[in-house]
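Number of protein chains: 2
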Amino acid sequence: MDLAVTPDPPYYAVIFSSLLSPHDQGYAEAATRMMDLVQSSPGFLAVDSARGDDRLGITVAYFRDEESIRAWRDHVEHTTTRERGRAQWYDAYELRVAKVERAYGFRRAPADIRP
Amino acid sequence: MDLAVTPDPPYYAVIFSSLLSPHDQGYAEAATRMMDLVQSSPGFLAVDSARGDDRLGITVAYFRDEESIRAWRDHVEHTTTRERGRAQWYDAYELRVAKVERAYGFRRAPADIRP
Numbered sequence: 001m002d003l004a005v006t007p008d009p010p011y012y013a014v015i016f017s018s019l020l021s022p023h024d025q026g027y028a029e030a031a032t033r034m035m036d037l038v039q040s041s042p043g044f045l046a047v048d049s050a051r052g053d054d055r056l057g058i059t060v061a062y063f064r065d066e067e068s069i070r071a072w073r074d075h076v077e078h079t080t081t082r083e084r085g086r087a088q089w090y091d092a093y094e095l096r097v098a099k100v101e102r103a104y105g106f107r108r109a110p111a112d113i114r115p
Numbered sequence: 116m117d118l119a120v121t122p123d124p125p126y127y128a129v130i131f132s133s134l135l136s137p138h139d140q141g142y143a144e145a146a147t148r149m150m151d152l153v154q155s156s157p158g159f160l161a162v163d164s165a166r167g168d169d170r171l172g173i174t175v176a177y178f179r180d181e182e183s184i185r186a187w188r189d190h191v192e193h194t195t196t197r198e199r200g201r202a203q204w205y206d207a208y209e210l211r212v213a214k215v216e217r218a219y220g221f222r223r224a225p226a227d228i229r230p
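Sequences listed follow chains A and B, in order.
Just so you know, the working numbering puts 1 at position 1 of the first sequence, and the rest follows in order with no gaps.
Heads up, the working numbering is the position in the second sequence plus 115, with the first residue counted as 1.
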């Protein structure tokens, strides 16, 4: 388990927040497949994803540019899966496209002593 | 439980991805306090947060503009808590500031029939 690694800004973030419905048969398999598939999409940089016990999930996928986002949006298998998401898996979602302007990271040094 | 509601773009997203360390004493209380506190910060719009069983968490806070992001960054209690985060709670984090350019939402109609 590690965090997404991205180049220096600017690049794009697709922020996908969702509420999973109770009708989630097949969701886990499809989510794993989409996470695999997006990584081979042209211009893909990295992705982070988390879902809590309250069924609220956030996936942030990072892309090089707008054209890369369109390529992923128009991917045939992604389109089919998205339709099933609306029909069955999600009670609600919000998708936001944002341009990353700056970024800061922190990584604990191995020898760090905690209080 | 509901998703963040935001006005029409443009506005800003602060994307905070983190890996929680095993030394998480006091983390849950501090996280709840920060979620309460940010909502009264000037220019704050909304926030979504999720953490999975693998300890990877994503919080996306939305703000009206850059000035609002600075106000939250410089909030005294937030600053103190951030220092404790680096000293104790997080093994790693990435913070990205991004300008939301467009957004789309989906919300299931109450009478929707699922396949």
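In short, the hints are calculated from the structure, not lab data.
Keep in mind that the hints are not guaranteed to be accurate.
In silico negatives: residues of chain B with every beta carbon more than 10 angstroms from chain A [stated by the list, open to error]:
hint, residue
1, PRO124
2, LEU152
3, SER164
4, GLY167
5, ARG179
6, SER183
7, THR194
8, GLY220
Chain B stretches covered by chain A per the calculated footprint, using a threshold of three residues with CB under 8 angstroms from any CB of chain A [said to hold, decoys possible]:
hint, segment
9, 137-149
10, 153-162
Every value quoted in this text rests on a predicted model; they were computed, and no experiment measured them.
Note that beta-carbon positions come from the ideal geometry of N, C-alpha and C, so glycine has one too.
So, going through the hints one by one against the coordinates:
Some Cβ of chain A comes within 10 angstroms of the Cβ of PRO124 of chain B; the nearest lies about 8 angstroms off, and the non-interface call is violated. Its beta-carbon lying about 20 angstroms from the closest one in chain A, LEU152 of chain B satisfies the requirement of being farther than 10 angstroms from that chain. Listed as outside the interface, SER164 of chain B is inconsistent with that label: its C-beta sits roughly 8 angstroms from the nearest C-beta of chain A, within the 10 angstroms cut-off. Its beta-carbon lying about 5 angstroms from the closest one in chain A, GLY167 of chain B breaks the requirement of being farther than 10 angstroms from that chain.
With a cut of 10 angstroms on Cβ distances, ARG179 of chain B stays outside the contact zone with chain A, its closest approach being about 14 angstroms. The Cβ of SER183 of chain B sits about 14 angstroms from the closest Cβ of chain A, beyond the 10 angstroms cut-off, so the non-interface label holds. The claim that THR194 of chain B lies off the interface holds: its Cβ sits roughly 14 angstroms from the closest Cβ of chain A, which is beyond the 10 angstroms cut-off. The Cβ of GLY220 of chain B sits about 5 angstroms from the closest Cβ of chain A, inside the 10 angstroms cut-off, so the non-interface label is violated.
Only residues whose beta carbon comes within less than 8 angstroms of a beta carbon in chain A count, and the segment 137-149 of chain B has 1; fewer than three means the coverage is violated. With a threshold of 8 angstroms between beta carbons, the proposed coverage of the segment 153-162 of chain B by chain A is violated, since 0 of its residues qualify and at least three are required.
Hints 1, 3, 4, 8, 9, 10 from the list above are not met by this structure, while the remaining hints are.
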